[in-house]
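Taken in sequence, the protein lines are chains U and L.
Heads up: the first sequence at position 232 corresponds to 270 in the numbering used here, and the numbers run straight through without jumps.
Heads up: the second sequence at position 129 corresponds to 167 in the numbering used here, and the numbers run straight through without jumps.
Since the hints were made in silico from the structure, they are not lab data.
If a hint is listed, it holds; no wrong ones were tucked in.
Here are the in silico distance ranges between beta carbons for each label pair:
| id | chain 1 | residue 1 | chain 2 | residue 2 | range |
| --- | --- | --- | --- | --- | --- |
| 1 | U | 57 | L | 127 | 32 to 38 Å |
| 2 | L | 49 | U | 319 | 56 to 62 Å |
| 3 | L | 97 | U | 204 | 50 to 56 Å |
| 4 | L | 63 | U | 331 | 38 to 44 Å |
| 5 | L | 205 | U | 99 | 49 to 55 Å |
| 6 | L | 45 | U | 207 | 45 to 51 Å |
| 7 | L | 143 | U | 279 | 24 to 30 Å |
| 8 | L | 237 | U | 170 | 16 to 22 Å |
| 9 | U | 53 | L | 169 | 34 to 40 Å |
| 10 | U | 276 | L | 63 | 35 to 41 Å |
| 11 | L | 63 | U | 170 | 32 to 38 Å |
| 12 | U | 128 | L | 205 | 31 to 37 Å |
| 13 | L | 239 | U | 311 | 51 to 57 Å |
Glycine included, each C-beta is placed from N, C-alpha and C at the ideal position.
Residues per chain, in single letters:
There are 2 protein chains.
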Amino acid sequence: MTKQQLADKTKQIEETIYQYLPKAEGEQKPVIEAMNYSVLAGGKRLRPMLMKEVFDMFGGEGKVIEPFMTAIEMIHTYSLVHDDLPAMDNDEYRRGKKTTWAQFDECTAILAGDGLLNFAFETALQAETENNPYLVKALRILAKKAGIYGMIGGQTADIEAEKPESNVNGEKLLFIHEHKTAALIQASMMIGAVLAGASDEEITKIEKCAYNIGIAFQIQDDILDVTSTLEVLGKPIGSDEKNNKKTYVSIYGLEKSKEDVKRLSEEAIAILASFGKRNLFLEELVEQLINREK
Amino acid sequence: MTKQQLADKTKQIEETIYQYLPKAEGEQKPVIEAMNYSVLAGGKRLRPMLMKEVFDMFGGEGKVIEPFMTAIEMIHTYSLVHDDLPAMDNDEYRRGKKTTWAQFDECTAILAGDGLLNFAFETALQAETENNPYLVKALRILAKKAGIYGMIGGQTADIEAEKPESNVNGEKLLFIHEHKTAALIQASMMIGAVLAGASDEEITKIEKCAYNIGIAFQIQDDILDVTSTLEVLGKPIGSDEKNNKKTYVSIYGLEKSKEDVKRLSEEAIAILASFGKRNLFLEELVEQLINREK
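In isolation and in its complexed conformation, chain U is listed as follows (with noise of 0.2 Å):
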């Protein structure tokens, strides 16, 4: 895939969740303008395009899917709102922008997460579909990895994992980024599967494959801290190390985090490909997604 098709496909989930913000007006502006300035700050928009992918590869048709995949970027975006708050990771900038409380204030920072993530139920909700049950275990699935049992939770490990006091081990590692990173990425195939229609076995399946995306996609997070440059990660390198921060990397090695990336990503992709039609772009976007060189 080249750069140009990624980017194409980028803005066209733009200009499909665009479509379903909330109109800054009336004594709900400042909260709406803050929720809007947070999702339009960018990103890779990957959640919604691994829906849109998957949703693609089981037929799936119609703009049921749609509003999901707002939902789901409105979900991840709460998430990055609130963890920047002061009293959270108290960082000012993200992706070279103001991150919403700065941009803001704390106080409306926290108001437009909560707008976010209450929105993001709202839309999918509206979601049209003559199929009840397809909604309703859609929806099911947002919520539980999105909170306690997911994202939510793995956001409380992360957390404690930061204190002083912890000793965080391979299994507690596994625990936050199954949690934190893999819950919405599970969330995103698993729901797009549904609406397209997809058997309880290839949901399973679907499941199993967005876990290892999740996974690997950390791990080579924790191995490019230590393998790659200033210049080509565009952020300082050994940030993990300088924090005292125990990563995949420190606790099992430089050489293991390379095989089971390589292990993850092989038996992520063996999955989409053991679907009756398969989705080669979905494929390629895995591939690239977990052995990126930044």
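Following the hints, put chain L in place on chain U, whose structure we already have.
Chain L only, in chain U's frame:
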């Protein structure tokens, strides 16, 4: 209705809700402890009580209402947890107990609020019903009334109204009361009706009735701040005037405020009494709620 009857009903509601709380275990333990602390901290359980009574009035049967009773209380609770944060109202105590951020820390309170909002949808989505259209309809009401076009919108307007440059008139004050307070009462009562299979016409009447209850409740709040005593109210009176806060009484005067409470509550009770089957406990509850002395 006697005090004992109300206390018994409240206890029943709490026993129901507590069954649906997540177990504080695993890596998620810190966030779940804070979530449950917040829910267990008490309160009148007004919203789930109204929901259940309307459900009963329309002849609703079975446990389908329970997850929604839990969900509405969780949403109400998360809104308090986030409102109490230092960046918002900066309150250390509520109902004589430490607020969530004061008991744990800011970071945990932000996550616990997010966790409660998400878990509210997760719980409601577990409601067992063979009639999926009712489930989706109830979820849509929940999401809308809790979000930017409901409670979060009201909270946004309230924060704006507290800024020195704001000019709060009667219309703006009504917007705040309608969204910040009435919206969740509407959700509670409408969902009770929807899940009992009420008609669209009945649901519209219930929405109007709940609007009246919410607004009258808030006006009564403003009246008591002027007319009550420290002994009866259990908190200092005159605090609105002291804080230069525009209230219904300061805008419309005491007499019109009292008239409006009377009119709104009579209308609300008349609507409740207009349905085929009456629920006298509900009518008395509304009567007491609005005409309370503290």
